[in-house]
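2 protein chains.
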Amino acid sequence: MPFEKMNAVVGQSGGPTAAINATLAGVIKGCLESDRIDEIYGMKNGIEGFEKEDLVSLGKYFEKDIRQLDLLALTPAAALGSCRKKVGGDEEIEKIYELLDKYNIGYFFYIGGNDSMDTIAKLSDYAERNADKGLRDVKFIGIPKTIDNDLGVTDHTPGYGSAAKFVATTMQEICRDCAVYTKKAVTIVEIMGRDAGWLTAAAALSKYLTGMGADLIYLPEKPFDEECFIKDVEKKLSGTKPYVVIAVSEGIKFADGSYVGAKKLTNYDDPFGHTMLTGVGKVLESLVSEKIGCKCRSVELNVLQRCASHVASKCDIDESRKIGEAGVKYALKGETGKMMCFRRLKNSDVYRVEIFSESVKSVANIVRAIPANFLSSDSSGVNDKCIDYMLPLIKGENAVIYEDGIPVHFEL
Amino acid sequence: MPFEKMNAVVGQSGGPTAAINATLAGVIKGCLESDRIDEIYGMKNGIEGFEKEDLVSLGKYFEKDIRQLDLLALTPAAALGSCRKKVGGDEEIEKIYELLDKYNIGYFFYIGGNDSMDTIAKLSDYAERNADKGLRDVKFIGIPKTIDNDLGVTDHTPGYGSAAKFVATTMQEICRDCAVYTKKAVTIVEIMGRDAGWLTAAAALSKYLTGMGADLIYLPEKPFDEECFIKDVEKKLSGTKPYVVIAVSEGIKFADGSYVGAKKLTNYDDPFGHTMLTGVGKVLESLVSEKIGCKCRSVELNVLQRCASHVASKCDIDESRKIGEAGVKYALKGETGKMMCFRRLKNSDVYRVEIFSESVKSVANIVRAIPANFLSSDSSGVNDKCIDYMLPLIKGENAVIYEDGIPVHFEL
Chain L
114 MPFEKMNAVV GQSGGPTAAI NATLAGVIKG CLESDRIDEI YGMKNGIEGF
164 EKEDLVSLGK YFEKDIRQLD LLALTPAAAL GSCRKKVGGD EEIEKIYELL
214 DKYNIGYFFY IGGNDSMDTI AKLSDYAERN ADKGLRDVKF IGIPKTIDND
264 LGVTDHTPGY GSAAKFVATT MQEICRDCAV YTKKAVTIVE IMGRDAGWLT
314 AAAALSKYLT GMGADLIYLP EKPFDEECFI KDVEKKLSGT KPYVVIAVSE
364 GIKFADGSYV GAKKLTNYDD PFGHTMLTGV GKVLESLVSE KIGCKCRSVE
414 LNVLQRCASH VASKCDIDES RKIGEAGVKY ALKGETGKMM CFRRLKNSDV
464 YRVEIFSESV KSVANIVRAI PANFLSSDSS GVNDKCIDYM LPLIKGENAV
514 IYEDGIPVHF EL
Chain Z
114 MPFEKMNAVV GQSGGPTAAI NATLAGVIKG CLESDRIDEI YGMKNGIEGF
164 EKEDLVSLGK YFEKDIRQLD LLALTPAAAL GSCRKKVGGD EEIEKIYELL
214 DKYNIGYFFY IGGNDSMDTI AKLSDYAERN ADKGLRDVKF IGIPKTIDND
264 LGVTDHTPGY GSAAKFVATT MQEICRDCAV YTKKAVTIVE IMGRDAGWLT
314 AAAALSKYLT GMGADLIYLP EKPFDEECFI KDVEKKLSGT KPYVVIAVSE
364 GIKFADGSYV GAKKLTNYDD PFGHTMLTGV GKVLESLVSE KIGCKCRSVE
414 LNVLQRCASH VASKCDIDES RKIGEAGVKY ALKGETGKMM CFRRLKNSDV
464 YRVEIFSESV KSVANIVRAI PANFLSSDSS GVNDKCIDYM LPLIKGENAV
514 IYEDGIPVHF EL
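These protein sequences, in sequence, are chains L and Z. Numbers in my numbering are just positions in the first sequence, counted from 1, shifted up by 113. Numbers in my numbering are just positions in the second sequence, counted from 1, shifted up by 113.
Here chain L stands alone, though its shape is the one from the complex (with noise of 0.2 Å):
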């Protein structure tokens, strides 16, 4: 009996990345490859489009020109626009069934992080509890990003290996751009990462290549402590090399919990008398002013590390896409409430995965810190364990399309 022809729905949910576009790419491949899918569908703004009815048919701009997928495989951001929002109750997700029906919806892609992998899980544990009331058979696949890589059970996340080739990158150029004066200066590098210091890991990659990368790196992984840091920042000063260039993660926490940075600022001499939020590299920099008083600066690399695509991971972003159409498979072999994870192949001389899924219960909502064993013992951060973990995915370059000297994106 051939298989009914269905439609297929995807969203993306959560913070952007220079790879989650690689994964729709992905997706839609999946989708234009099977016979047994008909329209793809995107909603707008993640779950939150989708109950709004907000849509969009994709087909219609690869169909003619499949070479537009190279193109949105690398344009930053999410095309289909992003949402904050948790799916809620059995209310709520009724009503999702309801135009899954009219839309005729058997294939349901989501990619994100955490809370979106949640929204796969809620769908998908409701069909389970509800197998008897003849509910219409939707395959819901969840596809990882995260530039924070703090997703459980996958080796690492799509997104990752990008934002950790643009931080490994810029700390180069950073710590040249340091090199060129002999007075004593203190450069402190803030980089994203609320509970895990993955990114911030990517700035001992430089180090470790070329010799210009961080000479300090401070993770939420290890409680911060104000004397040692001082410490260490004497004593690399006292070295050889007139400048210092430390990272930090955004999410660094005294020993109580604390955040060390994003502390609110009251009663300042601004011109408007306002009130602000100040991040970690601002907090240190002042410390190292007061307490050691030589020059320092500190730089935010803000959103530039997650949407840097003009600088993406060749790796990074072919297994965005290779992850996303592995996502169509295995809806199409019949998989739901999965999440769809990269394996690396041990006893292989060269970097290899291999993708397979995983319940997607087993991995929501939980934080993948960096594990104790590649932690360094010293102020450095991390190890060589960590550094051959990241290596592999910040290599290659992808061929960016330049149009009057800027990266031509695609555009929805």
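Honestly, the hints are just simulated from the structure, not real lab data. Treat the hints with care, since some could be wrong.
For chains that are exact copies, the list does not tell them apart, and a pair is met inside one copy or across any two.
Said to hold, decoys possible - Straight-line distance between alpha carbons at most 30 Å, and here's what the computed DSSO-like set of lysine-lysine pairs gives:
#1 366 with 446
#2 297 with 199
#3 508 with 427
#4 354 with 173
#5 442 with 348
#6 199 with 408
#7 296 with 165
#8 348 with 198
#9 446 with 349
#10 335 with 435
#11 165 with 297
Predicted model, so just to flag it, every value in this text is computed and none were measured.
Place chain Z on chain L using the hints.
Using the frame of chain L, we list chain Z on its own:
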């Protein structure tokens, strides 16, 4: 009569750029190709190093492997190191002349901004004033570089095009990042430029080319008015798209000439209780939060905009090499006390420049702001005349060599 062989010395000064090493590569190539120049000395950390006789022989790095020049040209910041020193009075210059004798220097090349041109002016002026004293014949040539593009006479400065390309590329990526959510939000991007807004104006390029760029631009060339600013932002927020992206020069000033940014923060509630300086981005961020109340964040491009060689403009790098080479040719022709300049050819359908020299006295210590006929009458910053001026400067991409995922740099 054959010319006597003499040595050359070259130095770099002022803030790093992505193109200052390209100019160094040009000077080295010019020297290597001349049979009238023997040794090429590099002064470490500019004139400061020269006075300390901290010199390095450059020929050996390139004589055997000319491709190292390509690597040097794509290495950010100053390979020879830099300084912020201005040459002082005659006593200091007499000592410099002793060293010029000692090292048999006939050609003196100095790559830098306004301070460096001041040094060339002083040295050549001293030679002129003491023409009757039998001083050795040294040709002093200044070659400009600054991301600020604020030197006089020259159409533009080496280094500007690459920084502008980084700004345009990054603004497009930041806009994509901002576009993913439906909630009203303002993003303020702080760009370098104390006295001239050329680099901030580059934020208009991606808007012009793709629609994804700064919605509002604030430049030092126009006095900043708080009320107008809030009105501008509110008007943009009431448009169809929920996000507004603002580009602002670090050096914008109120009508009374005081800086909007760089205010000292005191008595704020940070965990260490220190004072802190803040930039204009943070100041405007708090202003928007308080007066409009929508989500607002600020992004400071910081040193990244001046050292991002991985996305340097090919036009800029090629021109920077050529102007370095031309400097050597002009010195060999007997010119001294000159700054090398670009002239844009009119009556040409395509962008073309020619290189010429100008008395350094007529360029030193002049800041060239954006001319009034390049500014728009509204809050969008600059007009199409300015766009036409900037566009060719960011064009073209370089063949950056990557190894293990990050660019390979030249190492002295």
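The hints, checked one at a time:
no.	hint	result
1	366 with 446	neither (45 Å within a copy, 63 Å between copies)
2	297 with 199	between (49 Å within a copy, 20 Å between copies)
3	508 with 427	both (6 Å within a copy, 23 Å between copies)
4	354 with 173	between (57 Å within a copy, 24 Å between copies)
5	442 with 348	neither (54 Å within a copy, 47 Å between copies)
6	199 with 408	between (45 Å within a copy, 20 Å between copies)
7	296 with 165	between (59 Å within a copy, 15 Å between copies)
8	348 with 198	between (46 Å within a copy, 28 Å between copies)
9	446 with 349	neither (56 Å within a copy, 48 Å between copies)
10	335 with 435	neither (35 Å within a copy, 50 Å between copies)
11	165 with 297	between (57 Å within a copy, 18 Å between copies)
Hint compliance for this structure: hints 1, 5, 9, 10 are broken, all remaining hints hold.
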